[in-house]
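S.K.: Given these sequences and hints, build the entire structure.
There are 2 protein chains.
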Amino acid sequence: ESRLPGFATHQVGVAGAVLDETSGKVLVVQDKNKTKNAWKFPGGLSDPGENIGATAVREVFEETGVRAEFRSLLSIRQQHNHPGAFGMSDMYIICRLRPLTFDINFCRQECLRCEWMEVAKLAETDSTTPITSRIARLLLYGSREGFDKIDLSMEELPAVYSGMFYQLYHRALPEAYRRV
Amino acid sequence: ESRLPGFATHQVGVAGAVLDETSGKVLVVQDKNKTKNAWKFPGGLSDPGENIGATAVREVFEETGVRAEFRSLLSIRQQHNHPGAFGMSDMYIICRLRPLTFDINFCRQECLRCEWMEVAKLAETDSTTPITSRIARLLLYGSREGFDKIDLSMEELPAVYSGMFYQLYHRALPEAYRRV
Numbered sequence: 005e006s007r008l009p010g011f012a013t014h015q016v017g018v019a020g021a022v023l024d025e026t027s028g029k030v031l032v033v034q035d036k037n038k039t040k041n042a043w044k045f046p047g048g049l050s051d052p053g054e055n056i057g058a059t060a061v062r063e064v065f066e067e068t069g070v071r072a073e074f075r076s077l078l079s080i081r082q083q084h085n086h087p088g089a090f091g092m093s094d095m096y097i098i099c100r101l102r103p104l105t106f107d108i109n110f111c112r113q114e115c116l117r118c119e120w121m122e123v124a125k126l127a128e129t130d131s132t133t134p135i136t137s138r139i140a141r142l143l144l145y146g147s148r149e150g151f152d153k154i155d156l157s158m159e160e161l162p163a164v165y166s167g168m169f170y171q172l173y174h175r176a177l178p179e180a181y182r183r184v
Numbered sequence: 005e006s007r008l009p010g011f012a013t014h015q016v017g018v019a020g021a022v023l024d025e026t027s028g029k030v031l032v033v034q035d036k037n038k039t040k041n042a043w044k045f046p047g048g049l050s051d052p053g054e055n056i057g058a059t060a061v062r063e064v065f066e067e068t069g070v071r072a073e074f075r076s077l078l079s080i081r082q083q084h085n086h087p088g089a090f091g092m093s094d095m096y097i098i099c100r101l102r103p104l105t106f107d108i109n110f111c112r113q114e115c116l117r118c119e120w121m122e123v124a125k126l127a128e129t130d131s132t133t134p135i136t137s138r139i140a141r142l143l144l145y146g147s148r149e150g151f152d153k154i155d156l157s158m159e160e161l162p163a164v165y166s167g168m169f170y171q172l173y174h175r176a177l178p179e180a181y182r183r184v
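Quick note, the sequences are listed as chains A and B, same order.
Under our numbering, think of the first position of the first sequence as 5, with each following residue one higher.
Under our numbering, think of the first position of the second sequence as 5, with each following residue one higher.
Hints are not guaranteed to be accurate.
According to the in silico footprint, chain A covers these stretches of chain B (three or more CB under 8 Å from chain A) [what the hints assert, rightly or not]: (1) 92-104; (2) 133-139; (3) 174-182.
List time: in silico SDA-like cross-link candidates among lysine to any residue, alpha-carbon distance up to 25 Å [as the list claims (entries may be wrong)]: (4) B/153 / A/129; (5) B/153 / A/158; (6) A/29 / B/181.
The hints are simulated quantities; they were obtained by calculation from the structure and are not laboratory data.
For each residue, glycine too, the CB sits at the ideal point set by N, CA and C.
M.R.: Given below as C-alpha cells:
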C-alpha cells in the first residue's frame with residue numbers, strides 16, 4: 005500500500021477470553037477502579053512491537069496468574085477520542101485463549117475480583133459491559149456449534165520487501181480454496 | 005479496560021475489495037511506484053478520527069473514481085517496524101465493499117492501471133501480493149458458498165461512560181444468541 009506520510013493514530017489494547025472448553029467456564033475480572041461491579045475479560049495495552057496474541061497472553065497472566073495460549077481473534081472495536089488515549093483512537097481486540105493453568109493469583113493493584121465463570125452466566129448477567137456480554141454470547145455460540153463459527157485464525161505470511169513476517173487474521177479458508 | 009498511560013503505536017490502513025456480485029469482478033489497481041505489476045485492492049491510511057469503513061470508501065473513490073458502500077470486514081494484518089510508518093506498527097484492514105457505480109476514473113498520480121478483474125483470475129495470478137491473493141481466494145469462497153462464511157459484520161454499540169458510540173466487528177451472531 006502506498007500510504008505516506010504515516011504516523012501513529014491508534015493505541016492497541018487486547019483482552020483475552022480464556023475459555024476452558026471442558027468446564028464451559030471463562031476467566032473474568034472486575035477492575036478495582038473503573039467500571040465497578042462489571043465483569044470483563046483481562047487485558048491491556050500492547051507494548052511497542054508486540055503481537056496481538058502475545059499481548060493477550062501477557063496481560064492475562066499479569067492480571068490473573070493464569071497461563072494461556074492464543075487460539076483466535078474474535079472481535080475488533082474501533083473508538084475515537086478514547087478517554088485513555090489522550091484524544092487518539094483506540095483499537096480494542098478480543099482474542100480467544102485456551103488455559104494452560106487454572107489457579108488464580110490475581111493482581112490486587114488492578115483487580116477487585118477474579119474468577120472462572122460459566123459462559124452462559126456471563127452471557128446473562130447485567131453486571132458486565134455491553135462488549136463483554138456480546139462476546140460471551142459469541143463464545144456460547146462457538147461452544148455449542150463449533151469455534152469455527154466465531155474464530156478468525158492467524159497465519160504468518162512473508163512481507164513482500166523486507167523478508168520479515170507479519171500476522172494475518174481472517175476466516176479459515178477451506179483446503180479447496182487454499183490453492184485455486 | 006484500565007490501560008493507562010496510553011499512547012498511539014499503530015497507524016491504520018484500510019483497503020476496499022469492491023466486489024460486484026453480479027459479474028464476479030473485483031476492482032483492482034497497480035501502484036505507479038511501489039509493488040510494480042502487482043494487482044492490489046485500492047486503499048490508504050485512515051485520517052484521524054475516521055472509521056474503518058469510511059476510509060475504505062474514501063480511498064476507493066480517490067484512487068479509482070468508483071463509489072461503493074461498506075459491507076463487512078474481511079481481514080486484519082499486523083506488521084511491526086513498518087517501512088512506511090517510521091518504525092511504528094501498522095494495522096492493515098481489508099473490507100468488502102459493494103459497488104454503487106462502475107465507471108473507472110483512476111488517479112494517474114497513484115495508479116498505473118485500474119480494472120474490474122474476475123475474482124477467480126485474481127486468485128490465480130502471480131502478478132499480485134500474497135495478501136491480495138489470499139483475500140481473492142476468500143472472496144471466491146464467499147461468492148460461491150455465501151458471504152456469511154467470510155464476513156465480520158459491524159455494529160455500533162454505546163460506550164459505557166461517554167455516551168458515544170463505537171464500532172464493533174465480529175462474526176454475525178444468530179438471532180437465538182442475541183438474547184440469551
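S.K.: Closer than 8 Å, Cβ to Cβ, for at least three residues: run that test on the stretch 133-139 of chain B against chain A and report holds or violated.
M.R.: With 5 residues in contact (Cβ-Cβ under 8 Å with chain A), the coverage given for the stretch 133-139 of chain B holds.
S.K.: CA of residue 153 of chain B to CA of residue 158 of chain A, is that 25 Å or under?
M.R.: 16 Å, holds
S.K.: Quick one: see if chain A covers the stretch 92-104 of chain B, three-plus residues with Cβ-Cβ under 8 Å.
M.R.: n = 5 at 8 Å, threshold three: holds.
S.K.: When you check the alpha-carbon spacing of residue 29 of chain A and residue 181 of chain B, does it fall within 25 Å?
M.R.: 17 Å, holds
S.K.: Going straight from one Cα to the other, do residue 153 of chain B and residue 129 of chain A come out at no more than 25 Å?
M.R.: Between residue 153 of chain B and residue 129 of chain A the Cα gap is close to 30 Å, so the pair fails against 25 Å, i.e. violated.
S.K.: Are three or more residues of the stretch 174-182 of chain B within 8 Å, CB to CB, of chain A?
M.R.: holds (count 6)
Hint check: a violation occurs at hint 4 only; the rest are consistent with the structure.
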